[in-house]
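Respectively, the protein sequence lines represent chains A and B.
Following this note's numbering, the numbering of the first sequence begins with 1 at its first residue and continues without gaps.
Following this note's numbering, the numbering of the second sequence begins with 1 at its first residue and continues without gaps.
Hints should not be assumed to be uniformly reliable.
[What the hints assert, rightly or not] Output of the computed footprint for chain A on chain B, the stretches with three or more beta carbons under 8 Å from beta carbons of chain A:
1) 60 to 72
2) 114 to 120
3) 168 to 177
4) 203 to 212
[Claimed, not checked] Derived CB-CB ranges, DEER-like:
5) A:Ile-24 with B:Glu-133: 38 to 48 Å
6) B:Asn-87 with A:Asp-134: 55 to 65 Å
7) A:Glu-209 with B:Trp-67: 34 to 44 Å
8) A:Trp-10 with B:Val-88: 32 to 42 Å
9) B:Gly-21 with A:Glu-209: 29 to 39 Å
10) B:Ser-185 with A:Leu-273: 34 to 44 Å
11) B:Asn-87 with A:Ile-275: 39 to 49 Å
Since the hints were derived computationally from the structure, they do not count as laboratory data.
Virtual Cβ for every residue (Gly too), placed ideally from N, Cα, C.
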Amino acid sequence: MRSAIILLSWICSLVFLAALVLLIFFLIHEGGKSLNLELIFGQAQILEALTGNAPVFKGLLPAMTGTLTLVLLAVGLAAPLGLGAGIYLALLARGRLKRYCNFCIDLLASIPSVVIGLFGFALILFLRRILPQDATTCLFLSAGCLGILILPYLVWAAQNGLDSLTAETRLIGPSLGLSLRQNLLHILLPLTSRPILGGIILATGRAAEDTAVILLTGAVANAGLPASLFHKFEALPFFIYYTAAEYRTPEELSQGFGACLILLALSASLFLLAIILEKGLTRAWKNKQ
Amino acid sequence: MEEQAIDPVIIVRNLSVAFGGRHVLAGLNLSLAGRGINVLLGRSGCGKTTLLRSLNRLNEELGGKTWGEAWIELHGEWMNILDKATNVHRLRQKVGMVFQSPNVLPVSIARNITLPLRLNTGCSKREAEHRMEAVLRQVHLWKEVNERLETSASELSGGQQQRLCLARTLALNPEILLLDEPTSSLDYKASQTIEALLRDLATDYTLVVVSHSLAQTRRLAKEIFIFEEGGETSRVQRVPREVDGIEEYVNSLL
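So that you can see chain A by itself, here it is in the shape it has in the complex (with noise of 0.2 Å):
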């Protein structure tokens, strides 16, 4: 019985190691070709293209700087909220209050997107009553509506962390006569760091990937750099979605699936600062005098 349930789990593992191995050979073979710096920056010069100076025509940059743009705005909205949520959940709601409020927050991780992009489309409608006639679709309402579809993971990861402490754990700070602030900073938050850095990863991929929010609240196929948050712009996944629904070529196709690896580094490169800055932090607590 014990053998048989290892060999599952090394089965299990490997299963998923192998989806993940096939999945990146497969988007290498298929788009390994187009990657080159055309790819990225079309016929500008690279200089050029990166201050801003040379508009990038069939380049992937407006894309990829609109994404990233749109990950960290999305992040940065729902981060503060999200945890903070975590942590009135975990260590002040009670009761009543805390069940209805964590219903609340599974009934919004169930939204399927595309309802959440409406919902901000609608909103943008119905805001153009009290703001100026030319409020339209934007990177803004594209990175709000993304902060609301990510707001579960991070509310989940504060809460789970914090929860996963043993209740001698928590009680350090305040039997030391810590407040509930310098417990949170100087204690509890450094001991989840962990967790939270988990929940905040999750959310960037998810952020990074959503197609259904900003075709709904401002990504478009041309439209250069993002010239500011309040003006439409490109996107990667959008860029990935177009192309597949309407290319003409096989090279066009063979950019689509480049574009792809563009967006699994663009992702990873994200994780990767995450988790740097994750160690410096912990490092930083552990180590300061």
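Starting from the known structure of chain A, fit chain B onto it as the hints suggest.
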């Protein structure tokens, strides 16, 4: 109402504590003498830990509700710690606590002491280091760790970790120490070290110790209190230490 301890520093009147509507303590009366080790005995679940945690209002952190009065004499002044005006943070520094299993932070040995110390007092790094050395000496840990203060406290043995927890509490200048079965997770030798340490500390501090062992109680206690079973209200009986055959006596009560 049982008789008052001679020269008490803690007087609990009609104390009730409930978690989620379930009473763990109900109408408890008790007085504890200063300087020396007061040992609380009783079956598990009878409210020993809850009583301990109500003396530094830690039950509130776990969602407990408390009624009644708990008077404590701190630096010569009596205060009802359950009063709304009580500064809980100050109270918890003065009434320090050590838990059942050592709960050191996964940071360096030094930082385990200096982090709460500096947050509470805002003292300088140098002052904190002085204080750290003093309390590490007080718990007889200095010789064992002074070469490796920057290594992680998690690498220490269980007994050393428990002494570090004690030092962390002592650094804040407490007057009363609450210890919840401080040796229950330790081996025989480490327990002996802790017990010797507690006897040392008993000359300067008031100790309230929850114990699970009669033998340990006999070795440590100046006063013994036993939680009685059953009844509408929680009752604690004070047992004279001098009683012959105290083991049998305590056993009969439990």
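A:Trp-10 paired with B:Val-88, Cβ distance criterion 32 to 42 Å: At roughly 53 Å between Cβ atoms, B:Val-88 and A:Trp-10 fall outside 32 to 42 Å, so the hint is violated.
Cβ separation of A:Glu-209 and B:Trp-67, checked against the hinted range 34 to 44 Å: violated, 54 Å
Claimed coverage, the segment 203 to 212 of chain B by chain A - three or more beta carbons nearer than 8 Å: violated (count 0)
Range hint compliance [Cβ, A:Ile-24 to B:Glu-133, 38 to 48 Å]: violated, 55 Å
Distance restraint evaluation - B:Asn-87, A:Asp-134, Cβ atoms, bounds 55 to 65 Å: holds, 56 Å
Whether chain A covers the segment 168 to 177 of chain B (at least 3 residues having a Cβ closer than 8 Å to its Cβ atoms): Coverage by chain A holds here, the residue count being 3 at a Cβ distance below 8 Å.
Whether chain A covers the segment 60 to 72 of chain B (at least 3 residues having a Cβ closer than 8 Å to its Cβ atoms): holds (count 3)
CB-CB spacing for A:Ile-275 and B:Asn-87 relative to the 39 to 49 Å hint: About 41 Å separates the Cβ atoms of B:Asn-87 and A:Ile-275, which means 39 to 49 Å holds.
Coverage of the segment 114 to 120 of chain B by chain A, judged on three or more residues with CB within 8 Å: With 5 residues close enough to chain A, the hint holds.
B:Ser-185 versus A:Leu-273 beta-carbon gap, inside 34 to 44 Å or not: holds, 40 Å
Supplied distance hint 29 to 39 Å, evaluated on CB atoms of B:Gly-21 and A:Glu-209: Violated, since B:Gly-21 and A:Glu-209 (Cβ atoms, about 46 Å apart) do not stay within the stated range.
In summary, the structure is inconsistent with hints 4, 5, 7, 8 and 9 from the numbered list given earlier, while agreeing with the others.
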